[in-house]
Amino acid sequence: MRLGVDVGGTNTDAVILDEKDDVVSWTKTPTTDDVTEGIKKAMKSVVSEVEKDRITHVMVGTTHCTNAIAERKNLAETAVLRIGAPATLAIKPLFEWPEDLRKAIGNHTIIVEGGHEFDGEEIKNLDEEAIRTFLTELKDEIESVSITSVFSPVNPEHEERAQEIAREILKDSPISVSNEIGSIGLLERENATALNAALVPVIERTSKSITDAINDLGLNAGIYFCQNDGTLMDLDYARNYPVLTLASGPSNSIKGAAFLSEIKDGIVVDVGGTTTDIGALKNGFPRESSSAVEIGGIKTNFRMPDLISVAIGGGSIVKKDGKIRVGPESVGKDLPNKSLSFNGTTFTATDAAVRLGLADIGEKSPDISEEDAKEALSKAEEEIQEGVEKMKTERSKVPVALVGGGSILVRHVEEASTVDKPEHYEVANAVGAAISQVSGEVDKVFSLENKTREEVIEEAEERAIDKAKKAGADPKTIETVNLEEIPLAYLPGNAVRIKLKVAGNLKIK
Amino acid sequence: MMEIGPEEIEDLATGASILGTGGGGDPRVGKLMAKQAVEEHGPIEVLKPEEVPSDAFVAPTAMMGAPVVLTEKIPKGDEALKAFQALEDYLGEKCHATMSIEAGGVNSTIPLVVAANLGLPIVDADGMGRAFPEIQMVTPTIGGVSATPMAIADEKGNAAFIETIDNFWTEKFSRSITMEMGGSAIIALYVMSGDEIRDYTIHGSLTHTIEVGKSIREGENPLESLLEVTEGFHLFRGKVIDVRREITGGFVKGEAKLSGLGEFDGEVEIEFQNENLIARKDGEVIASVPDLICLVDSETSRSITTEGIKYGYRADIIGIPCDEKWRTERGLELVGPRYFGYDVDYEPIEERI
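If you read the sequences in order, they're chains A and B. Here the working numbering is used: position 314 in the first sequence is 314, and no number is missing along the way. Here the working numbering is used: position 249 in the second sequence is 249, and no number is missing along the way.
Everything labelled a hint here was simulated from the structure, so no lab data went into it. These numbers come from a predicted model, not from an experiment. Don't take each hint at face value.
[Stated by the list, open to error] Some chain B residues close to chain A (C-beta under 10 angstroms, calculated; not the full set):
| id | residue |
| --- | --- |
| 1 | E50 |
| 2 | I74 |
| 3 | E79 |
| 4 | L81 |
| 5 | P149 |
| 6 | R217 |
| 7 | N221 |
| 8 | G308 |
Think of the CB as a built atom: it goes at the ideal place given N, C-alpha and C, for glycine as much as any other residue.
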């Protein structure tokens, strides 16, 4: 049996799935300020209903890293090394970071000579001496290193050499290299790599506290973190890629919705307490965003799910000044005290649903007119509808899966061919965590000068499979789930960017 | 005296993406470069065209090459130093100032980086009043100004000097040198005297672009203030219902179709090649190049690029009259609809309304 936990802004949800993937136990508990406490409570609640010995895997989708960035807490003092001089001097590393976040990671930066051109030729020889001096001086201050070299997605040579030098000087300190984190777009890739480096102590502490919690519950199970592509990584792997846990929550909802509704390609609408996340399913996995994503006020370009957040949720406050308006303010987790249906004084979107008989919750039918209730829900639906349209890529209607506690608000989605609200829709995110597979991914620019297209794809596939194995996949079950070839525009020569992902089932330990 | 500091740079970048009419390269990297340059060297002095002495030389500067390279191999910042040296050696005198040759897109900001690094003032003018894809597509070409002598420089310290028989050859040579320089380079060209600037460029475009950005940032109703500042026409509001796009020979080419929302009925189709070039409503042309056709997000009035436009977006289409110089016979030969391969006769947008 597998135990899935997913931490959301309002609730922490947990489920246990049996060997046939049926939900045998589930819970929804409020998310706590100390996120680990909520996780413990949720796990304890579901575990109490089953035989402990049968639980073989625990999958955790958590917001520890997201919160650490938002609160600028517990981040590592990081040496941010860029290789590219004399190019790139016009914008220094961390230039556009908010001052407090820059300080939180120590603001240790340098640009040394080296890096490559778009065709893989060197800009300059790598200045190894400058790297040695920089890291030796910082040796006692820093806990983590971030290395980014110009055009490393085309040629990672200088990053790899710099990594070796850093390893000699710093021994056990974690080292993040940008070609493993992001793609073309130096500043965005460097930002993502520096964030990854800074998050290493956060993920280490989280791993430890969750391992302790699981031991305390008397479970003997493998522990995995959920990544933002909807797949899993084991604790060793997570130590090197903590940034990949960001936005794992929405991905879990998308995957869970796909599983529960049996939709492989379509749109998922996850209505929470304050916001609605709208994502897209492509071959059973969350579709990736193609543009830069902002995290904690900084632009990054690493893999993130393509999402639209709309300020509509079960707790959205309804205001009437001539017209009816819904949100963006929300009562959030105070819904059970503040909303009209629970004897409070705030008219919320949930009250409108209760008034129209769409939901049977609360203590009384709220004192609002049927007309206002209808208008409020129409407004909410309109905004969600707009988000669905933005996520669609074509004109034809698509299947929609509706999940999340707030999905009682939605009666109808205009551009949907079908709307499916599956059983256990309230905890689709935790189900998504529990059913996750393990993946390996490659996103690199390959030269076609001396190799055929097939050889290049094969090489990418081998590397991805290797990564999946390292992340804990059973080699026998690994298969390619996504392959994209993106020719590099505006440039001569034969180069192609290959994005390839393989996924497989968890190896039973 | 007007100066450019961080806040003006922010507004300039927003305004430049509007005047980029969907193309021109993302001003983001240029914006950050300009901000760092101003942080290090202090604010930049702005000269009005009439303040440039008649016999003084001004060298406009720009970035040439693939925008994707610019986002990865960011410039060093002082590349133009070498380019200016080459030009000054040839001219036998110092350049008085720099300016932008392209108000739309990334090249609105590059001259600021040059000005700050070289300690030069910047002239409040440009050669397009918008964005165009090729070197010869500037108003000084109409006036017979040669793009050369031109200098092109990279971050390593290499510089090349180009002298050609016309501005089309300049485009050809500089493209191939740019590739050798790693796909992006800084160029200084269209060297003009004070008199030539007064006669052949578009005046006030630097401050105008800043005003355009400011109108969106400050406007209570950004769309209305944007229309007011640009003297533009609100052509349409609609939802994107179809996008077709292909990348060929370095160009993003395609079309987007919008279906009317609110008071707007029918469908509008926009054809683009890097920039938006033609807008048709139910088959009839309602605006065409060289007038500006801008697509902006209906909620924020920020520009939507031809690379970024997606199904489902809600957008307003704004038509802005181009500079009168483009409306001359020579101007339309250079950048009229027929140059871009459309069987459409240009008519000023205000006459089509």
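Against the structure, the hints:
This hint is violated: B/E50 has a C-beta 32 angstroms from the nearest C-beta of chain A, more than the 10 angstroms allowed. Hint status for B/I74 relative to chain A: holds, with the closest Cβ pair at about 4 angstroms, below 10 angstroms. Among the interface hints, the one on B/E79 holds; its C-beta lies about 9 angstroms from the nearest C-beta in chain A, closer than the 10 angstroms criterion. Checking B/L81 against chain A by beta carbon gives a least distance of about 12 angstroms; that is not within 10 angstroms, so the hint is violated.
Given the 10 angstroms rule on beta carbons, the hint for B/P149 is violated: about 25 angstroms separates it from the nearest Cβ of chain A. Nearest Cβ of chain A to the Cβ of B/R217: about 18 angstroms, over the 10 angstroms cut. The hint is violated. Because the smallest distance between the Cβ of B/N221 and any Cβ of chain A comes to about 17 angstroms, over 10 angstroms, the interface hint for this residue is violated. This hint holds: B/G308 has a C-beta 7 angstroms from the nearest C-beta of chain A, less than the 10 angstroms allowed.
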